[in-house]
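Visitor: Now for the letters of each chain:
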Amino acid sequence: MAWLAFATIAFVILTAALQVVQSKDLVHTVFWLALTLMGTAVLFVHLDAEFLAAVQVLLYTGGVVTLMLFGVMLTRRIDGVRILHESGDKPRALICAIALFGCIAHAIVSDPQTTNSAPVDMADTEALGLLFLQEMVLPFELLSLLLLGAMVGAIVLARKVDP
Amino acid sequence: MTELFAQPPGLSAYLLLAALLFSIGLYGVFSRKNTLAILVSVELMANAVNINLAAFARYSGDLVGQSFALFSIALTVAEVVIGLAIVIVMYRSHKSIEADAPTELRG
Chain B
1 MAWLAFATIA
11 FVILTAALQV
21 VQSKDLVHTV
31 FWLALTLMGT
41 AVLFVHLDAE
51 FLAAVQVLLY
61 TGGVVTLMLF
71 GVMLTRRIDG
81 VRILHESGDK
91 PRALICAIAL
101 FGCIAHAIVS
111 DPQTTNSAPV
121 DMADTEALGL
131 LFLQEMVLPF
141 ELLSLLLLGA
151 MVGAIVLARK
161 VDP
Chain G
164 MTELFAQPPG
174 LSAYLLLAAL
184 LFSIGLYGVF
194 SRKNTLAILV
204 SVELMANAVN
214 INLAAFARYS
224 GDLVGQSFAL
234 FSIALTVAEV
244 VIGLAIVIVM
254 YRSHKSIEAD
264 APTELRG
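Top to bottom, those sequences are chains B and G.
So in the working numbering, spot 20 of the first sequence is number 20, and the numbers just go up one at a time.
In the working numbering, each residue carries its 1-based index in the second sequence increased by 163.
Keep in mind that the hints are not guaranteed to be accurate.
Said to hold, decoys possible - Below, in silico cross-link-like pairs of lysine-lysine (BS3-like), each with a Cα-Cα straight-line distance of 30 angstroms or less:
hint, chain 1, residue 1, chain 2, residue 2
1, B, K90, G, K196
2, G, K258, G, K196
3, B, K90, G, K258
4, G, K258, B, K160
5, B, K90, B, K24
6, B, K24, G, K258
7, B, K160, G, K196
8, G, K196, B, K24
To be verified - Footprint (simulated), chain G over chain B, 3 or more residues, beta carbon under 8 angstroms:
hint, segment
9, 16-25
10, 130-143
Hint data in this document are derived by calculation from the structure and do not stem from the laboratory.
These figures come from a predicted structure and were not determined experimentally.
Glycine included, every Cβ here is placed at the ideal spot set by N, Cα and C.
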């Protein structure tokens, strides 16, 4: 039963990802990315990471996809025409991707610790919150500083320059 | 054969899924010329990393994997924000967002 759930989620994620990398229409690409990210959120629920799934839906599917669509909207040239684009060098990209997957898959499969493992029960979201505020409070605060820097940087980069 | 599918999938199944997603994202980064499409493919790769972290957290009982994944999500959002600002600046100065549009540094 767990295998069936995992196989379904994996099929959805991989199909959507393949459509992301070979769709010619830019808006279609972003929508297929949204489906991939939602599939990943479902996978996180399957992996007992409910808070991570909620954050994934909020930040990735809600935030990043919206940002991408804004980017598409702000950088188109013609009104009302589907934004098509050509692809670059496909055969070499395919060889690189297959080679990388081969190396990683070989490393995964040849390690006995990963093939013969069973799921271990984890603590819940309350423990995750305590982890953030006790052991990992320094990265947590630094992360807020980094997000502030990213926001200010993006505003400075993208503001209208007075002529 | 059926007893193989009676237990939940092992850790390697999730790691292989993450590796495959990472490779698909890498193919997208290498084979696209539109900068926004390249950013989308980088998103796929970051997503694969998060799946990896969450799978390791599940199979070792340690919550640190989930917290790493949360940090990774927040960092990726910051990177997308800056990347889109760069794309907007590039569109303003070159009127195109093809990855080979800026040629000032070409020898």
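Visitor: Identify every previously stated hint that the structure contradicts and give their numbers, smallest first.
Guide: none
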